[in-house]
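*Asks:* Heads up: the sequence lines are chains B and E, in that order. Residue numbering for the first sequence follows this note's numbering, beginning at 22 and increasing consecutively. Residue numbering for the second sequence follows this note's numbering, beginning at 19 and increasing consecutively.
Hints in this document: simulated from the structure, not taken from any laboratory. Here the structure is a predicted model, which means the values were calculated and not measured. Don't be surprised by glycine CBs; every beta carbon is placed ideally from N, CA and C. Honestly, I wouldn't trust all of these hints.
[Unchecked claim] Some residues of chain E that are not near chain B, with every Cβ distance over 10 Å (derived):
(1) 23
(2) 41
(3) 92
(4) 95
(5) 107
(6) 109
(7) 111
[Stated by the list, open to error] Calculated Cβ distances over 10 Å to all of chain B for the following chain E residues:
(8) 29
(9) 33
(10) 51
(11) 53
(12) 54
(13) 72
(14) 85
(15) 93
(16) 98
(17) 99
(18) 102
(19) 104
(20) 110
[What the hints assert, rightly or not] Pairs of lysine-lysine, DSS-like flavour, derived with a Cα cap of 27 Å:
(21) B/526 to B/541
(22) B/825 to E/94
(23) B/273 to B/105
(24) B/524 to B/476
(25) E/109 to B/620
(26) E/94 to B/524
(27) B/613 to E/44
(28) B/463 to B/779
(29) B/95 to B/219
(30) B/27 to B/80
(31) E/114 to E/44
(32) B/825 to E/44
(33) E/44 to B/584
(34) B/748 to B/796
(35) E/109 to E/20
(36) B/809 to B/524
(37) B/242 to B/273
(38) B/114 to B/80
(39) B/526 to B/219
(40) B/287 to B/27
Listed below, chain by chain, are the residues.
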Amino acid sequence: MGQLMKQRLVIVGNGMAPGRMLEHLLDAAPGRYDVTIFNAEPRVNYDRIMLSPVLTGEKEFEQIIIHGDGWYIKNGITLYKGHKITAIDRVAKTVTSDHGVVEPYDKLVIATGSVPLILPVPGNNLAGVLSFRDLDDVNAMMLAAQSRSKAVVIGGGLLGLEAAAGLKMQEMDVTVLHLMPTLMERQLDPAAGYLLQKSIEDRGIKVITKAVTKAILGERKVEGVELADGRIIPATLVVMAAGIRPNIGLAKDAGLDVNRGILAGKGMQTSDPDILAVGECAEVAGQVYGLVAPLYEMARVAAAKLAGDDNAEFVHSDTPTKLKVTGIDLFSLGDFADGDDRQEIVLRDASAGVYKRLVLKDDRIIGTVLFGDTADGAWFNDLKKKQTDISEMRETLIFGQAYQGGTPLDPTAAVAALPDDAEICGCNGVCKGKIVGEIRAKGLTSLDDVRAHTKASASCGSCTGLVEQLMTLTLGDAYNPAAVQPMCGCTSLGHDDVRRLIKAKSLKSINAVMQELEWKTSCGCAKCRPALNYYLVCDWPGEYADDYQSRFINERAHANIQKDGTYSVVPRMWGGVTSAKELRAIADVVDKFNIPTVKVTGGQRIDMLGIKKEDLPAVWADLGKAGFVSGHAYAKGLRTVKTCVGTDWCRFGTQDSTGLGIRIEKFMWGSWTPAKVKMAVSGCPRNCAEATCKDVGVICVDSGFEIHFAGAAGLDIKGTEVLGLVKTEDEALEVIVALVQMYREQARYLERIYKWTKRIGIPEIRRQVLDDAEKRKGYFDRFVYSQKFAQVDPWSERVSGLHKHEFRPLATVGMAEAAE
Amino acid sequence: MKWVEIGSASDIPQRGARCIETPEGKIAVFRTADNRIFAIEDHCPHRGGPLSQGIVHGAAVTCPLHNWVISLETGKALGADEGAVRTLEVKAEGDKLFLAIKAAASRAA
Numbered sequence: 022m023g024q025l026m027k028q029r030l031v032i033v034g035n036g037m038a039p040g041r042m043l044e045h046l047l048d049a050a051p052g053r054y055d056v057t058i059f060n061a062e063p064r065v066n067y068d069r070i071m072l073s074p075v076l077t078g079e080k081e082f083e084q085i086i087i088h089g090d091g092w093y094i095k096n097g098i099t100l101y102k103g104h105k106i107t108a109i110d111r112v113a114k115t116v117t118s119d120h121g122v123v124e125p126y127d128k129l130v131i132a133t134g135s136v137p138l139i140l141p142v143p144g145n146n147l148a149g150v151l152s153f154r155d156l157d158d159v160n161a162m163m164l165a166a167q168s169r170s171k172a173v174v175i176g177g178g179l180l181g182l183e184a185a186a187g188l189k190m191q192e193m194d195v196t197v198l199h200l201m202p203t204l205m206e207r208q209l210d211p212a213a214g215y216l217l218q219k220s221i222e223d224r225g226i227k228v229i230t231k232a233v234t235k236a237i238l239g240e241r242k243v244e245g246v247e248l249a250d251g252r253i254i255p256a257t258l259v260v261m262a263a264g265i266r267p268n269i270g271l272a273k274d275a276g277l278d279v280n281r282g283i284l285a286g287k288g289m290q291t292s293d294p295d296i297l298a299v300g301e302c303a304e305v306a307g308q309v310y311g312l313v314a315p316l317y318e319m320a321r322v323a324a325a326k327l328a329g330d331d332n333a334e335f336v337h338s339d340t341p342t343k344l345k346v347t348g349i350d351l352f353s354l355g356d357f358a359d360g361d362d363r364q365e366i367v368l369r370d371a372s373a374g375v376y377k378r379l380v381l382k383d384d385r386i387i388g389t390v391l392f393g394d395t396a397d398g399a400w401f402n403d404l405k406k407k408q409t410d411i412s413e414m415r416e417t418l419i420f421g422q423a424y425q426g427g428t429p430l431d432p433t434a435a436v437a438a439l440p441d442d443a444e445i446c447g448c449n450g451v452c453k454g455k456i457v458g459e460i461r462a463k464g465l466t467s468l469d470d471v472r473a474h475t476k477a478s479a480s481c482g483s484c485t486g487l488v489e490q491l492m493t494l495t496l497g498d499a500y501n502p503a504a505v506q507p508m509c510g511c512t513s514l515g516h517d518d519v520r521r522l523i524k525a526k527s528l529k530s531i532n533a534v535m536q537e538l539e540w541k542t543s544c545g546c547a548k549c550r551p552a553l554n555y556y557l558v559c560d561w562p563g564e565y566a567d568d569y570q571s572r573f574i575n576e577r578a579h580a581n582i583q584k585d586g587t588y589s590v591v592p593r594m595w596g597g598v599t600s601a602k603e604l605r606a607i608a609d610v611v612d613k614f615n616i617p618t619v620k621v622t623g624g625q626r627i628d629m630l631g632i633k634k635e636d637l638p639a640v641w642a643d644l645g646k647a648g649f650v651s652g653h654a655y656a657k658g659l660r661t662v663k664t665c666v667g668t669d670w671c672r673f674g675t676q677d678s679t680g681l682g683i684r685i686e687k688f689m690w691g692s693w694t695p696a697k698v699k700m701a702v703s704g705c706p707r708n709c710a711e712a713t714c715k716d717v718g719v720i721c722v723d724s725g726f727e728i729h730f731a732g733a734a735g736l737d738i739k740g741t742e743v744l745g746l747v748k749t750e751d752e753a754l755e756v757i758v759a760l761v762q763m764y765r766e767q768a769r770y771l772e773r774i775y776k777w778t779k780r781i782g783i784p785e786i787r788r789q790v791l792d793d794a795e796k797r798k799g800y801f802d803r804f805v806y807s808q809k810f811a812q813v814d815p816w817s818e819r820v821s822g823l824h825k826h827e828f829r830p831l832a833t834v835g836m837a838e839a840a841e
Numbered sequence: 019m020k021w022v023e024i025g026s027a028s029d030i031p032q033r034g035a036r037c038i039e040t041p042e043g044k045i046a047v048f049r050t051a052d053n054r055i056f057a058i059e060d061h062c063p064h065r066g067g068p069l070s071q072g073i074v075h076g077a078a079v080t081c082p083l084h085n086w087v088i089s090l091e092t093g094k095a096l097g098a099d100e101g102a103v104r105t106l107e108v109k110a111e112g113d114k115l116f117l118a119i120k121a122a123a124s125r126a127a
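Extracted from the complex, chain B is given alone in its bound form (with noise of 0.2 Å):
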């Protein structure tokens, strides 16, 4: 016989795996079987791994297809489409496919794939859940997106992730609910892990991470998710996407020895020698597989030995993860755990949201995490690979391949390299060649300049570095970036731009600051700590928490440290108005607590000195009982509101200038500021409470009040500057609250309205306080919002116990036990 007799080879199953598998067969031995495929779904063969971008509408189906039906009938295969087989007969060496079909085989290969893994969760089969496994999947997603509702997906790994990400770009409303505390957490470190949340909320997509799934809700269609801890999460549509098993059914009714999954040897074959498995059926030396390289390379090992090569034999190789989803790169490779043997170096760019982590063992790769920029992955990949020591490049080998061998690549050069159209600021969509030709045109010389001019780094600000990179560029030695003063040692960043960071990147803890903006030291100092804790106070009311151990000694311990180390205690004088019963309850604990010093302040209040620390719970107990709370005369805050005695005795007096002290001083005590505030209302122009070189003063006049501010008499002596003239209190007040929460908004810390207005100036104070209603009203309800969480008198709580330990001693040591 001339030519051999064609052998019958049978698939079950028509993935990615098979499919490659036929490629390579066709190749080594073409004409060698008749094939006849069997494909549960109704098509052809197509790329699974891209059915996320035909959710997100990035693909048609059809540009997803790997083998078009031309493909099957050119290479003379006879493909089943929506044939499941449902019996093999390994005597009989046929398949039975559930339309009745009965096709004999010499050689079978099984490639079943996986199966979505459904939660026993009851309402697990109500109308509206769905897996993400194939285009059925995927068409019934889009069409449940139509609604532009609430969709719920379970599981945050790879699968979840995407599908998410399609249904958000499909416009519904999508919530993540992960069972672990960080998203990909088999694959990504927990620090990537938390980048990658933030990147997945930022689009919009809410993450619920360690969600108990407890039961899926609904009549006859879904209505919503209900979790362990009873929080009900409303969908029409629930994705479960919490995993894959390897589908063996087939298999293992058939007597093939399985475990995970159909048990293949390192050629592919299963137990018995003429039926092979490939795929994400298939488990080879103990491991089962979902990404498409390991699958691949099992797709060939399997041809091979179709073809008749019986030395060819599956190699594992760790496969690198990416996430498709637009705009999130994402790479990991590996084992990333920690371990006494292995060591790490870590990158983080925090402005531009990477972190890269090699983990080293032997001075070799073991594992990779990169997010964020995932460039130099490969190249990783690749070391890791050939097992390359790395000792010579360590120092550098985080930077990527560009910075080895040779001259690391300068950061201004590589702007320079970067194309006109290059795009700098994401947020604001600003060029390179635009932010040139600004600097150029309008002689540019200040990062505020460009920002206002061109936009560019005025959002989100994590592009600075590249802006003022361009303005040496381009300016040379006449830009000097270091003009900007750093708040401290331990950061290169101003005042100014941690506060436009802490609002634009929503930090809202310290640590969360200093992780984000890449502080130098681990835990800051005592210059940044209160500076921070301050803007966190001020920017999220009710959200941060103040942090105690960051705070100068004066506001923690709500006193006034003196030299000796002993305290003063201001109690608060509404407006300077006191009486015989709090006058007598002063002169008690004087008595009671034989305090040295009593003394008139100069915001017309009194001031007791000389008190230990242990005492000061004590005195406040007794002050309270007579009605005093808290002066804050220690206080970055509101100190006093100074009066006159106005209409109420002065033959001269225009208004109740006491009254609206007083009325000023209950509305905004206990609110933090940048520095102290001082206040005054003086009842006509003669001027008595010495408004004119307060922070804030009111001159009462017969048509109203002149509000003034921007005085000082301390270090610096300075009249008031006028605000404007209002008619009623009430206008008085918004006014001034207005003002202040632009200052307490606005201002660096410890610095004084008076240094502020002279940066800010006083035309743009005006227009947003006086000026501009709407902006005023903002202010004034920011204010009044905060006041909630500020307006509690300290000296009670500590009183009723807090922090008691601030005023005991750990332990006293006595004589006795130091001698004995």
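On the provided structure of chain B, position chain E as indicated by the hints.
*Replies:* Using the frame of chain B, we list chain E on its own:
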């Protein structure tokens, strides 16, 4: 020298301090962000400020009176300032802290 039990580490706030009254004066016991414990005299070498009342950062404290920064490890002033404060040994056994007190000095006191 003698070890005297002074309480437990959890009684001291992280990035904070508590005082111990002893016959040899006030001792400040600090707990850092990474839970290391240090004891030094509660007396700034500059003008005697109570270091226990300062802001704790890294293994250093900033004096509340004039912002000298004192190393908790060595007791020495950091930066441009010169001066040092006495450090004392502290040891932990389980959660319990023990401070090394000079027995001789206390007898004399």
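*Asks:* Does each hint hold? Answer for all of them.
*Replies:* We went through each hint and held it up to the structure:
Distance check for residue 23 of chain E against chain B: the nearest CB is about 8 Å away, which does not clear 10 Å, and the non-interface claim fails. Distance check for residue 41 of chain E against chain B: the nearest CB is about 5 Å away, which does not clear 10 Å, and the non-interface claim fails. Distance to chain B confirms residue 92 of chain E as a non-interface residue, since its nearest Cβ pair spans about 18 Å, more than 10 Å. With a least CB separation of 14 Å from chain B, residue 95 of chain E remains clear of the 10 Å interface cut-off, as annotated.
The Cβ of residue 107 of chain E lies farther than 10 Å from every Cβ of chain B, with a closest approach of about 14 Å, so its non-interface assignment holds. The non-interface label for residue 109 of chain E is consistent with chain B: the shortest C-beta to C-beta separation is roughly 15 Å, beyond 10 Å. Its beta-carbon lying about 15 Å from the closest one in chain B, residue 111 of chain E satisfies the requirement of being farther than 10 Å from that chain. Not every C-beta of chain B lies more than 10 Å from that of residue 29 of chain E, the closest at about 6 Å, which undercuts listing it as non-interface.
Look at residue 33 of chain E: its CB is around 4 Å from the nearest CB on chain B, not clear of 10 Å, so calling it non-interface is violated. With a least CB separation of 5 Å from chain B, residue 51 of chain E falls inside the 10 Å interface cut-off, contrary to its annotation. No Cβ of chain B comes within 10 Å of the Cβ of residue 53 of chain E; the nearest lies about 12 Å off, and the non-interface call holds. No Cβ of chain B comes within 10 Å of the Cβ of residue 54 of chain E; the nearest lies about 12 Å off, and the non-interface call holds.
Consistency note on residue 72 of chain E: stated as away from chain B, yet its beta-carbon is not over 10 Å from all of that chain's, at 7 Å minimum. Separation of residue 85 of chain E from chain B is inadequate, the least Cβ-Cβ distance of about 7 Å not exceeding the 10 Å criterion. Taking the minimum C-beta to C-beta distance to chain B, about 18 Å, the non-interface status of residue 93 of chain E holds against the 10 Å cut. Residue 98 of chain E, annotated as away from the interface, keeps every beta carbon of chain B farther than 10 Å; the closest lies near 13 Å.
Distance to chain B confirms residue 99 of chain E as a non-interface residue, since its nearest Cβ pair spans about 14 Å, more than 10 Å. With a cut of 10 Å on Cβ distances, residue 102 of chain E stays outside the contact zone with chain B, its closest approach being about 19 Å. Consistency note on residue 104 of chain E: stated as away from chain B, and its beta-carbon is indeed over 10 Å from all of that chain's, at 16 Å minimum. At roughly 14 Å from the closest C-beta of chain B, the C-beta of residue 110 of chain E stays outside 10 Å, upholding its exclusion from the interface.
Annotation: proposed proximity of residue 526 of chain B to residue 541 of chain B holds, straight-line Cα distance about 19 Å (limit 27 Å). The suggested pairing of residue 825 of chain B with residue 94 of chain E is violated, with an alpha-carbon distance near 30 Å, which exceeds 27 Å. Proximity of residue 273 of chain B to residue 105 of chain B is assessed by CA-CA distance (about 16 Å); at most 27 Å being required, the pair is judged to hold. As the CA atoms of residue 524 of chain B and residue 476 of chain B are separated by approximately 17 Å, the hinted pair is consistent with the 27 Å bound.
Restraint check: the Cα-Cα separation between residue 109 of chain E and residue 620 of chain B comes to about 45 Å, which exceeds 27 Å; the hinted pair is violated. Distance check on the hinted pair: residue 94 of chain E and residue 524 of chain B sit about 39 Å apart at the alpha-carbon level, beyond 27 Å; violated. The straight-line distance between the Cα atoms of residue 613 of chain B and residue 44 of chain E is roughly 25 Å, inside the 27 Å bound, and the hint therefore holds. With a C-alpha separation of about 25 Å, the suggested pairing of residue 463 of chain B with residue 779 of chain B holds against the 27 Å cut-off.
For the proposed pair residue 95 of chain B and residue 219 of chain B, the alpha carbon gap of about 49 Å is over 27 Å, so the pair is violated. For the hint linking residue 27 of chain B to residue 80 of chain B, the alpha-carbon distance of about 40 Å lies beyond 27 Å, and the restraint is violated. Restraint check: the Cα-Cα separation between residue 114 of chain E and residue 44 of chain E comes to about 20 Å, which is no more than 27 Å; the hinted pair holds. Restraint check for residue 825 of chain B and residue 44 of chain E: the C-alpha separation of about 19 Å stays at or below 27 Å, so the hint holds.
Between residue 44 of chain E and residue 584 of chain B the alpha-carbon distance is near 16 Å, which keeps this suggested pair within the 27 Å criterion. Restraint check for residue 748 of chain B and residue 796 of chain B: satisfied, since their Cα atoms lie roughly 19 Å apart, inside the 27 Å limit. The straight-line distance between the Cα atoms of residue 109 of chain E and residue 20 of chain E is roughly 12 Å, inside the 27 Å bound, and the hint therefore holds. A hinted pair counts as satisfied when its Cα atoms are at most 27 Å apart, and residue 809 of chain B with residue 524 of chain B qualifies at roughly 21 Å.
Of the pairs offered as hints, the one joining residue 242 of chain B and residue 273 of chain B is violated, with about 34 Å between alpha carbons and a cut-off of 27 Å exceeded. Simply put, residue 114 of chain B and residue 80 of chain B have alpha-carbon atoms about 41 Å apart, too far for the 27 Å limit, and the pair is violated. At most 27 Å may separate the alpha-carbon atoms for a hinted pair to count; residue 526 of chain B and residue 219 of chain B meet this at roughly 10 Å. Between the alpha carbons of residue 287 of chain B and residue 27 of chain B the distance comes to roughly 26 Å, so the proposed pair stays at or under 27 Å and holds.
Hints 1, 2, 8, 9, 10, 13, 14, 22, 25, 26, 29, 30, 37 and 38 from the earlier list are contradicted by this structure; the remaining hints agree with it.
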